[in-house]
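Knowing the structure of chain A, use the given hints to seat chains B, C and D on it.
Protein chains in written order, with our numbering: chain A, 1 to 214; chain B, 1001 to 1105; chain C, 2001 to 2613; chain D, 3001 to 3861.
Hints may contain errors.
[To be verified] Below, a list of computed lysine-lysine pairs in the BS3-like style, where the Cα atoms sit at most 25 Å apart:
| hint | chain 1 | residue 1 | chain 2 | residue 2 |
| --- | --- | --- | --- | --- |
| 1 | C | K2565 | C | K2515 |
| 2 | C | K2362 | D | K3695 |
| 3 | C | K2169 | A | K203 |
| 4 | D | K3035 | C | K2515 |
| 5 | D | K3426 | D | K3523 |
| 6 | D | K3695 | D | K3753 |
| 7 | C | K2434 | D | K3811 |
| 8 | C | K2434 | A | K206 |
| 9 | A | K206 | C | K2252 |
| 10 | D | K3226 | D | K3523 |
| 11 | D | K3647 | D | K3695 |
| 12 | D | K3647 | D | K3620 |
| 13 | D | K3695 | C | K2223 |
| 14 | C | K2223 | C | K2169 |
| 15 | A | K203 | C | K2096 |
| 16 | D | K3647 | D | K3426 |
| 17 | D | K3753 | C | K2252 |
It is worth saying that the hints were derived from the structure and are not from the lab.
Given next are the chains, with one letter for each unit.
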Amino acid sequence: MTVGNVFFAVASVVALLGAFMTIASQSPVRSAVGLLITIVGIAALFLMLNAQFLAAIQLIVYAGAVVVLFVFVIMLLGPDAGDGEGTVARARVARYGAGAFFALLAAAAAHLVTRAPDAVFTPFGAVDPEHGSVEAIGRLLFGSDVVPFELATALLIVAVVGAIAVARGKPHVRRQSKSASPTARMFHGPLMARDAQRPLPTKAEKAAKAAGGA
Amino acid sequence: MSSLGYVIEQYIMLSGALFTLGCIGFLVRRNVLVQLMSIELMLNSVNLTLVAYNRMHTGDLNGQVFAFFIIAVAAAEVAVGLAIVLAFYRLKSSVQSDEADQLRH
Amino acid sequence: MNPVASGLFQIAPYILAFVVGVLVPRRQGAPERVAIGIVAALALLLVRSLWPSETAAVADPNAHEWKYLLSVIVFLPILGAIFVLFLPRQSPVILKRVTFLILGLDGLVSLDLLSSPMTRGWHFQHIVEWVPAFGIRYHVAVDGVSMWLILLSTLTTPIAAYVSFGSLKTRIKDLCFAFLLLHGAMMGAFISLDLFLFFVFWELLLIPMIVMIGVWGGVEKVKAAYKFFIYTMVGSMLMLAAILFMVWNYSKLAGYPSFDYLALQRVVLPRTAAWLCFGGFFLAFAIKVPMFPFHTWLPDAHVQAPTGGSIILAAVLLKLGAYGYIRFCMGLLGGVAWTAAATLAGVAIGGGIVYGALVAWKQDDVKRLVAYSSVAHMGFVMLGLFAGTQAAMEGAVLQMLNHGVSTGALFLLVGVIYDRRHTRLVREFGGIAKVMPIYAALFVIVTMSSIGVPGTNGFVGEFMIVMGTFVSQTLGGQARLQAGLASAGVILAAVYMLSVVQRVFFGPLSNPKNKHLRDLNVRETIAVAPLIALIFVIGLFPNLFLSRMGDGVSAVLERYQDSRKSYQEQGDSDTARLSERRGGALELGYPEAPQKKTDTQPAQAQALNAEAP
Amino acid sequence: MQAILALFPARDYTLLSLIVLLPLLGAAVNGVFGKRLGKEAVSLLALSVIFISFVLSVLTFFALGHAQQGETAARFYWKGWEWFHLTQQNGNSTTLNVAFSVDALSGTMALIVTGVGFLIHLYSVSYMAEDPGFHRFLTYLNLFIFSMLVLILGDSLPVLFVGWEGVGLCSYLLIGFWFETESNAAAGKKAFVTNRIGDFGLLVAMGLLLYYTGALDWSGIEGGAKNLLTPVQVWPLGTHVPAASLLPAGAEHWVNMPRYVSAATLVGLALFLGCAGKSAQLPLYVWLPDAMAGPTPVSALIHAATMVTAGVYLLCRLSFVMVLSPAAMAVVAFTGALTALFAASIAFAQHDIKKVLAYSTVSQLGYMFLGVGVGAFTAGFFHVITHAFFKACMFLGAGSVIHAMHARIHDTDASQDMRNMGGLRKYMPITFWTFAASWAAIVGFPLSSGFFSKDEILFKAYSSFVNSPVPGNTLTDGGISMELFTWPTWLGSALYAMGLLTAVMTAFYMTRLFIGIFFGEFKGWKIVKGFKEAQGHDEADHGHGHAHHDPGVRLEGPTPHESPWQMVLPLAILGALAAFSGFFNANAGPIHITPLDSWLEPVFAKASGAVSLVAESESKEPLFLGLAFAAFAVGSGVAYWVYAIQKGKPAQSLVNAAPGFHSLVFDKWRVDEFYDEYVIGAVDSLAEFFTWADKWIVDFILTRVSSFLIAASGTALRFMQTGRVQTYAAVMVLGLGGVGYFFVTPRVEAETKSNDASGAYSLSAAQGLGYSYRWDLNNDGKWDTEKFSSQTRASLKLAVKENRTVRLEVKNAFGRTATRSFDFARPQPDLSGALSRGSPDQVPLRRMPNLRQLVKQGAAK
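Next up, chain A with everything else stripped away, as it sits in the complex:
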């Protein structure tokens, strides 16, 4: 029983427990905390796997940004963020079913692993000291993988813009389309009205405007 063994055991149990908490707790805040715990556990496992940089990123991005974002949204929604009335009752069957499913899967996995007559574990080999270091990953990211890296930044920007665009909706101008049928919407779209409502200013109008402005 080395330190590493213990570390792995603790980290994996923490990750599993956190995951369980995420999906099982009624309050979304608790779920978020569970997610946080899992993330920390996985970060620890990353350390075990010689992925120091990733562990850091995991903590920074997930714990620092994603979970915080979740919490913000939960705060924004207030009490509505929780499960509605009667949801728990409705979901009971599903919960029991899911529990049973998970137990079944666990049993199957255990069966597969233990019953294999000559189950041989594949140990990790010796590790390169450079493996997973910030320098090594940085070399890759700014070297051969620079294009996807830059694309990832683009993706993030697009995501931010998109998130703003989606979240910024104006409920008071929500358009009720004429017909519920998507086909009808396609053929009788609102474009006609738009054409009529926003004609381009004519030359005379422009001139009048300029004159009036002057």
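Chains B, C and D only, in chain A's frame:
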């Protein structure tokens, strides 16, 4: 059990368990927020697998780089996903995914 | 003669045409008159350039062909459609002008097709590898058959657009986009010699067409658009299956895949498979033509479509079906086509010429009537194709042009009264020849063309088809009988067309709403004028057209015969095979086997290669 | 003449193009600019183009006369351009040119068309002067002359067909000239459609001619006419009639017995159908009386003088084809005679003077067909000429009368009713005298034109006999031999009897008309009240004859007066021609002046060879002459007695005695009603049925039912679509689980290859996720190696007739195993050496061509 933490199979099984939990969470919970978190769980479990396999092949770091990109994508996804949750909440005054059944009509 | 005088002599006809054009229209302003005059002079120029000259047959027919011409014809409108997307929606004038400019430019460019004498073989051929792994190539070329359909299309689409711009006021940008895309896709379908490419264009043109029906159509437009779409789609899917089956067979037999028309011609399928493939192709084309009993989408689509859409639908889209039959059913599966010809000719006569005419007679809606008359006319076209003689085939191709011209003109003219009265029901009219004399005169002229009065275009086409059917060997002993029955169609055509003319134009002007109808305006006159001119040009000088399509048609027939011969040689054998390469001008651009790497070659070949010095 | 021939050689006679195109030019200019040119300019242009055309025709006529010497037919030819060509499957190409030619026949016809046409144009300028559509009218008339010239001068059937339908079109436009009246437009349509039925026949004739002779121009048809003597099976249509197998054996044999006619007969009948349509013969005559709805000059020009004779012209033109089929000739002759008789009987009871003239035209056309049908082409054509003169003159005279009456009565129908006329001799002397001349001609007054032409036809009807075109009267072709139809001996007598009877009737009703218009008291001071021309629709309206007509109120208005000179001049010219044109071909008794006969002889040379005279008929000629005179005397005498002396009382009492019969004749034997009911009605109900079927069978079954089926299955599948993301995700997970299970389960698959000849067999196992294998190849029940290895292939060799079972076990990455056994058996070798179908040995065989090619390539290198 001295190999605890030093063989790939354990990481795979752990990751499988996390993935299954995430899956169950996504399927069972009706709360969109929790569903999103479940998706995060699944992504994390995949990351764990990638990194674990990468540990076996010490010659390159492609697995870790891939995991890095997954984290970036997950961040973007959460941002957009939460924005959609907000928009959805505005539409339905609820975050229960049962309400999101417009696809049917 | 001194050069000045000879120069004057050269341009005198154009000046005369111009003067006539300026003088003929009454009650028009000077700019309109000048415009008509210019159109008249240009029309004369077109006829003059079409006139077969002694120097036409150059030694090397491909010498002066610009190989990018077809690509320009196809992609000019498609790129134009994309360009239109960037124009402001609020300025319809700019949109209309740009669209018209592009369509007009396309028409002018397509006139260059006339520079080639269209001898046997492919012209303006252009081949680019597209997806080599699946044997898909960008292979475009024209022959004497497709060239005329392209020219018909480049003539009618601007007319249709011009008419639509006059009568449609909403969503102009979408309209421009649809017109350009539709035009490009139609051109593409006519020039593709790669079946994949063909299929892409074939499906592509569906989209703007249903949009055109569905957005600017009548009351039941969505239903009609759906009906059109689903009918066509059913056929297309079966055609796709047939194409893929043939490609699969080719790749199995030749060792490499190819979607190329020239390659697939060589595939000789076992009997059952050949019949199934033929069925797939034929259904797609029969729906498009349309042949009985797949015709019921046509009246609905025509009635609901706006005038411009109807013109394109009648003038070009229906031709795609007949063209597809010529190209693919007769070219790829000639044996089956030959065997089925007599039966199908019976369907074309009974279900097309007779049935279509009789049903047309009983219609109240003028557009519906014209739609059923299309069924009858296309029955003639299909009969010509089934007859399979040179005369009948030439007649059929010519009749396609005729139908495009005269039915296009009919739809245009029906659109005119629809614009005035917002109804097309025959009983709403009567005696309007009194208030719209020019309109009535033009309508009667087009009617005469439609019923095939000699001297107009309709006669030449029908006459050639009937005569070709009389002497047909494909139809066997029934040829004379079938030709006789088909010529009975000329009676029925007179019955239904003259009935509608009588009920709409003659008799007392009973409906007070019709008392103050305006006669044709300048826009409408300009739009219909080229069609009227073509009615007489084709009717009196059909050789201008036939001389350029004869070699193309004989090549089609040669292919048909070859295909039939290999089908007969195939007998009851249940394995597919490839027929011999024929070589020559007709196989120009055959997709040769890709250069194989040495290690994939069979062992024997390696051994042989090793032995060879 | 030499100068003309030098200027325009016979092979390139450009003058023809001028003759044809000048009227077109007139039509085009008048049609487009007519409204702005003014009436004077329009009439000047329209008249001058026709007149120039006429002058050129005269020139051409004399040039022809100059060129035609002796027995050879002169023919001037002008080719415009190549129209199109018809290429057949055997590569033969028939070129159709836009070409015109003129010979004695068409030259004469062109003379009549342009000459009579010009006179009628002149007449129309005055007659239509007040009409608002004046320029339109002259445009149509010019266009008609153009079409008619194309018809007669066209050098091939298709070019003729252009004119043929062109005149039909002009007729349509002119009948419906006053289109505001519904019935006029309907009459125009009726004319066009009926003509189209005839055109259908012509189209079929063209197809058959193309098929059998390979040509459509006159000389080509003449050259290939021999091929028309081919038997054609017309029944059964297929190999046999399937339904006939239900019949008793004898009947089945009778039904399925092949029946043949000669191609010439088919062509002849189809041609005759075309001619019957255009020339208003039974059963397609119905349009001509209705066509009188058009302006009177139109009736004179189109429906009396020129267009309706086009059928006779065509049969004369293709006389060499017609005589190849005695059967078709008999049909033509008999139909002609029957039409003549039938139409004459209708003319008895009509009051509308134009109607009487119309039926008399139909009747006279019947005469012409009778003449052509018995092979007397010259006689038939001569009647065309004389009829053109006297009937045009009568129509124009009638027009003049109507013009005068209309000025008084102002009612189109009433001003054509002869019960409102009478005594007009006093008011319109010139019209009277010209009308008298043409009356004399039509009733066969001795030495008038009609006397000669009719007498010739009647004589030939009795005496002619169309010979069989083949010796022995049996056609043999390709093992089929058939008897041709021969003329029965009684046919000539029967035709003659019908013709003679018609002559009597013609004399009677024409005299009745003549007396009714010009003699007695003028009755137009009062109008016959309630006059309605019989349309045959309303029984009660005229069911009891005209006994009940009340004399109406006295009308105010001018007295009838003679027409202006533009109308009178044509009348005078035509009247003179009607009186004296008989001497173009006078052949009766002692008179024997036959320039026309010798003029046309070369044209009909080929045809007249096939016709012979019945023995001893020459000697009976005086008898026939006497009979013809008797027919005239009896017919007109009785009419004079009835209508002039007795003032119509005998006729009145006859009508009163048999009112039903009279109304039947008055209603034109109710043929129109019969057609409406049974022919049009049948087509109409077929169309109704098709329309119904289109909606409820084609569209319903094909579209609605299939769309309903698809919609129903869609509805069923819709229950699976809850619209909730989680449901979809759950299904996804289930699917994923399935895939996982599939991967976790090991499976044994192996491809076996066997070669029975050598006894070598091999197995190659499929690979999978982490698979390892162990084998039991020697069939001992134990694994060859206990440990799993990566060996995937195994091979074994068997002796003849040896059986072996091989087992294979597979373990996958999860340690699960699966086992399967494979049986091998080597059969007794097949010594015959034949390879069974589908055996693997065939695989290399099929590849042989490739191998051979490779060898060839290698050799080439």
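These are the hints, each one checked on the structure:
| no. | hint | result |
| --- | --- | --- |
| 1 | K2565/C - K2515/C | violated (64 Å) |
| 2 | K2362/C - K3695/D | holds (12 Å) |
| 3 | K2169/C - K203/A | holds (21 Å) |
| 4 | K3035/D - K2515/C | holds (21 Å) |
| 5 | K3426/D - K3523/D | holds (13 Å) |
| 6 | K3695/D - K3753/D | violated (61 Å) |
| 7 | K2434/C - K3811/D | violated (94 Å) |
| 8 | K2434/C - K206/A | violated (47 Å) |
| 9 | K206/A - K2252/C | violated (69 Å) |
| 10 | K3226/D - K3523/D | violated (62 Å) |
| 11 | K3647/D - K3695/D | violated (62 Å) |
| 12 | K3647/D - K3620/D | violated (39 Å) |
| 13 | K3695/D - K2223/C | holds (16 Å) |
| 14 | K2223/C - K2169/C | holds (22 Å) |
| 15 | K203/A - K2096/C | holds (19 Å) |
| 16 | K3647/D - K3426/D | holds (18 Å) |
| 17 | K3753/D - K2252/C | holds (22 Å) |
The structure is inconsistent with the numbered hints 1, 6, 7, 8, 9, 10, 11, 12, although it conforms to all the rest.
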